[in-house]
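**Q** What follows is the residue order along each chain.
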Amino acid sequence: MSPLENEPGLFAEAELRRALRLDAAELPPRLDAAALVARMREGPSVAVASLVSAMLAVASAAGLIVGVTIALTAIAPELLADGYGLALGLVAATAIPITGFLETFEQPTIPIAALAAVMFAIAYEYGQRKERTNAIHTP
Amino acid sequence: MAVCVALRSFDPAIAGVRRVTFADAVRDYQEEVFGAALRITGDRESALDVASTTFLKAYRAFSRYDQTRPIRHWLLRIATNEAISHARRRSRELRRRVDVESGAEIVDGAAAPEEASVAREARARIRAAVVGLPELYRVVIVLRYFNDLSVDEIAKITGRPPSTVGVQLLRGRALLRQALGDAQ
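So the sequence lines, in the order shown, correspond to chains A and B.
For the first sequence, our numbering begins at 1 and goes up steadily by one.
For the second sequence, our numbering begins at 1 and goes up steadily by one.
Possibly wrong hints are sitting among the right ones.
[To be verified] Here are a few chain A residues that face chain B, going by a calculated C-beta distance under 10 Å:
| id | residue |
| --- | --- |
| 1 | 17 |
| 2 | 18 |
| 3 | 21 |
| 4 | 28 |
| 5 | 80 |
[To be verified] What follows is a list of derived Cβ distance ranges for each label pair:
| id | chain 1 | residue 1 | chain 2 | residue 2 | range |
| --- | --- | --- | --- | --- | --- |
| 6 | A | 57 | B | 27 | 54 to 62 Å |
| 7 | B | 174 | A | 24 | 49 to 57 Å |
| 8 | A | 57 | B | 120 | 47 to 55 Å |
| 9 | A | 30 | B | 159 | 42 to 50 Å |
Derived from the structure by calculation, the hints contain no laboratory data.
Owing to the predicted nature of the structure, the values given are computational and were not obtained by experimental measurement.
C-beta: ideal position from N, C-alpha, C; glycine also.
Given these sequences and hints, build the entire structure.
**A** Here it is, written out as C-alpha cells:
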C-alpha cells in the first residue's frame with residue numbers, strides 16, 4: 001500500500017485495482033501463436049496484390065498523361081488559330097457600338113461644354129441639399 | 001511444419017537467459033495484453049483487435065527484440081501504443097457518426113447494462129471513468145492498477161520520466177475521484 005493510498009481527493013488504489021481486474025466473462029478467446037504466424041504469412045500476398053494494383057494505377061495515370069500531351073501537341077496550332085479568330089471577333093463586336101457612341105462626341109452641333117456645365121450644376125445643387133438636410137437633422 | 005521452424009528460430013541472444021519463444025510470449029501474456037487494451041479502449045472488440053495486432057507486430061520484430069529485457073514490458077509498450085491509436089481512431093469514427101448514445105458506448109462498451117449487483121455496477125462505473133480519462137493518465141493508471149507495474153517500469157514502457165509518471169498517477173486518481181464523486 002502506498003503512503004497516498006487513502007489520501008483525500010485521490011481515488012483509493014485498492015478499489016481501483018479491484019475494479020480494473022478482468023471478470024471471468026471478459027476473458028478473451030485463447031490466441032494461438034501458430035494461427036497468428038499463419039495469418040502473418042498471408043500478409044505478403046495482400047501486400048503483393050496492393051503493390052501490383054498501385055503499379056497498374058501509376059502506369060494508367062502515366063499513359064493518360066502521355067496521351068493528353070500528344071493530343072494537345074497535335075491540336076495546339078488549330079486551337080491557337082481558333083482562339084485568335086475568336087479574340088478578333090470579340091474586338092470587332094465591341095468596337096462597332098463604341099465607335100458609334102464616340103462619333104456623337106465628334107459632332108460639332110452637340111455643346112459638350114454646356115452639357116458638362118449642366119451636370120456640374122446638378123451635382124453642386126445635390127451636394128448643397130445634402131448638407132442642409134444634415135444640418136436640420138443634427139441636434 | 002514451417003510454422004514450428006519459425007517459432008523455434010527465436011533463440012535468445014545471450015546464453016543463460018531463459019529462452020523465450022514467440023509461442024511462449026503469446027501464451028503467457030495474451031491475457032495481460034488483452035486486459036490492458038480493454039481497460040484503455042473500453043471496448044471488447046477493439047481490445048481483441050489490439051491484442052492480435054500487438055502479437056503480429058511482436059512477431060514481425062521478434063528477431064530484433066533484445067532478449068535480455070523483459071518481454072512483458074516490450075509487449076505492453078506495443079499494446080498500449082496500439083490501444084491508444086485504436087481508441088483515437090474509434091472515437092474519430094464515432095464522432096463522425098455523431099450521436100449522444102454512441103458516445104455513451106465509447107465510455108463503457110464493456111459494461112453490461114443488466115448488471116444487477118451494486119458492486120458490479122460500481123466496478124462498471126469506475127472502469128467507465130478510467131476509459132473517460134485523458135489518455136495521458138489512462139495509460140499510466142491501467143499499467144499501474146491493472147498490470148501492477150511499478151512507477152519505474154511504467155516509465156520504461158511509456159518513455160516518460162518516473163517523476164512524471166508519479167505525478168500523472170496522482171493526477172489520474174484525483175480526476176477519477178472528481179468524476180466518481182463520493183461514490184467510492
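**Q** Give a verdict on every hint.
**A** Hints, one by one, checked against the model:
1. Nearest Cβ of chain B to the Cβ of residue 17 of chain A: about 5 Å, under the 10 Å cut. The hint holds.
2. Of the supplied interface hints, the one on residue 18 of chain A holds, with its beta-carbon coming within about 7 Å of a beta-carbon of chain B, less than 10 Å.
3. Given hint, residue 21 of chain A at the interface with chain B, holds; its Cβ is 7 Å from that chain's nearest Cβ, closer than 10 Å.
4. Annotation: residue 28 of chain A was flagged as interfacial toward chain B, and the flag holds, the nearest CB pair being 4 Å apart, inside 10 Å.
5. Checking residue 80 of chain A against chain B: minimum C-beta separation of about 49 Å lies over 10 Å; hint violated.
6. Range check, residue 57 of chain A to residue 27 of chain B: about 42 Å between beta-carbon atoms, so the 54 to 62 Å window is missed.
7. At about 31 Å, the CB distance of residue 174 of chain B to residue 24 of chain A disagrees with the hint of 49 to 57 Å.
8. Separation of residue 57 of chain A from residue 120 of chain B is about 53 Å and conforms to the stated range, judged on CB atoms against 47 to 55 Å.
9. Evaluation of the 42 to 50 Å hint for residue 30 of chain A and residue 159 of chain B yields a failure: the beta carbon distance comes to about 31 Å.
Going through the hint list in order, the structure does not satisfy hints 5, 6, 7, 9.
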